[in-house]
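A.B. asks: Below are the chains, spelled out letter by letter.
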Amino acid sequence: MMEDELALVQLARSGDRAAFDELVRRHADGLYAVVVHLCSGAQEAEEITQEAFLRAWRGLPGFRGGSQFFTWLYRIGVNEARRRSNQRRRGELVVSLEEHRERAACDRSLRPEDRAEQAELRCELDRAIGCLPVDHRAALVLRDIEGLSTAQAAAVLGVREAAFKSRLHRARVTLREALAHHDPQRVTP
Amino acid sequence: MGAERRVRAHLSDCPRCRESLVELTAFAVLLRTSKAPAPEGLADRVIAHLDAAESTAARLSVVACPADTAASRSAAVAAAWSFVRGHLRRTLVLAFLTGLAITLIKDLGTLVGEGVTVETCAVCGANFIAAFALLNVGLLLARPRGRPR
Chain F
6 MMEDELALVQ LARSGDRAAF DELVRRHADG LYAVVVHLCS GAQEAEEITQ EAFLRAWRGL
66 PGFRGGSQFF TWLYRIGVNE ARRRSNQRRR GELVVSLEEH RERAACDRSL RPEDRAEQAE
126 LRCELDRAIG CLPVDHRAAL VLRDIEGLST AQAAAVLGVR EAAFKSRLHR ARVTLREALA
186 HHDPQRVTP
Chain W
692 MGAERRVRAH LSDCPRCRES LVELTAFAVL LRTSKAPAPE GLADRVIAHL DAAESTAARL
752 SVVACPADTA ASRSAAVAAA WSFVRGHLRR TLVLAFLTGL AITLIKDLGT LVGEGVTVET
812 CAVCGANFIA AFALLNVGLL LARPRGRPR
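Chains as they are written, first to last, in my numbering: chain F, 6 to 194; chain W, 692 to 840.
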């Protein structure tokens, strides 16, 4: 898979659009999932995803392959989201309570009162994540939500692992404090 | 491995840490399940966006080549107009100040003695017009070579 991706990147660097399209198919959803937590909503996340791929395509000749393609791509996306976020007021609600209620309502395995509580907890979680400073939020999203390794997530943010761990720790502490009155064990995956 | 064994041993003896671990694990699960699903057809839209951007860039480059004549002509006109505007702005200010100085030195006595008549107004106005004309001629002659005409 890795060699396969390396070959695709090499082809794309030499101007092969079909190879780059394949890279888009592999990484578009992952990039979207990261940036949607760093911007004001689904529409902006899609714009950022498109913009990041366009910049990656144009900047690919300058990509030296010192890092994995996806960490380089995510970095472009995160930087764009960070730039837009700096222009905006912090803490805008990312996902509405209604949206969470709808999602929870679909889960028939839960009792109605648990569905309501789950929707509320997830909404509060999103609100708390949205209130984190964007650098802390990015660390939390990359490591704890997207499941990247510490080295990969630090590479995306362009910081040393020690600095990344410090951001992540502060983000986790802030989040746990924000959700202290909730019981996370009541939430079903 | 030794450290892990020590942690496990501690957990079996410490109910508080066991409870914290359960809480942290639940928190981690909660976060892991917060992954946002991407909208349907996202990759296709990204590819379409790339296609559109590429075709726009290609169109612009095609238009840019014959534009050597048309675009450079319009650029030259724009540059010339910008130079003229800047030049006029400078000379108007200088002409006003020079005209005012000449009027004060040369015609202040006439203005005070005879009052404001058509004749004195014409004389004073001529001070400003002459200053404006002379400054324009002077600045145009002193213009460095290579500036837009």
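Hint data in this document are derived by calculation from the structure and do not stem from the laboratory.
Beta carbons: idealized from backbone N, C-alpha and C, even for Gly.
Be aware that one or more of the hints could be misleading.
Stated by the list, open to error - Pairwise CB distance ranges, derived in the manner of DEER restraints: (1) W/C705 with F/R18: 52 to 62 Å; (2) W/E695 with F/Q92: 18 to 28 Å; (3) W/L702 with F/Q73: 27 to 37 Å; (4) F/A47 with W/G777: 44 to 54 Å; (5) W/E695 with F/R181: 20 to 30 Å; (6) W/L702 with F/V164: 41 to 51 Å; (7) W/V784 with F/Q92: 20 to 30 Å; (8) W/R776 with F/E52: 17 to 27 Å.
Stated by the list, open to error - Below, a sample of chain F positions facing chain W; criterion: calculated Cβ distance under 8 Å: (9) A33; (10) Q55; (11) L153.
A.B. asks: Each hint needs a verdict: does it hold in this structure or not?
C.D. replies: For each hint, the structure was consulted:
For the pair W/C705 and F/R18, the supplied restraint of 52 to 62 Å holds, since their beta-carbon distance comes to about 54 Å. Between W/E695 and F/Q92 the beta carbons are some 46 Å apart, a value that contradicts the proposed interval 18 to 28 Å. With their beta carbons about 35 Å apart, W/L702 and F/Q73 fall inside the hinted range of 27 to 37 Å. The hinted window of 44 to 54 Å between F/A47 and W/G777 holds, with their beta carbons roughly 49 Å apart.
Taking 20 to 30 Å as the suggested C-beta distance range, the pair W/E695 and F/R181 conforms, at roughly 24 Å. One distance hint, 41 to 51 Å for the beta-carbon pair W/L702 and F/V164, is violated here, with the actual separation near 32 Å. At about 39 Å, the beta-carbon gap between W/V784 and F/Q92 misses the expected band of 20 to 30 Å. Range check, W/R776 to F/E52: about 39 Å between beta-carbon atoms, so the 17 to 27 Å window is missed.
Checking F/A33 against chain W: minimum C-beta separation of about 4 Å stays under 8 Å; hint holds. Of the supplied interface hints, the one on F/Q55 holds, with its beta-carbon coming within about 4 Å of a beta-carbon of chain W, less than 8 Å. With a cut of 8 Å, the hint placing F/L153 at the interface with chain W is violated, because the nearest CB-to-CB distance is about 12 Å.
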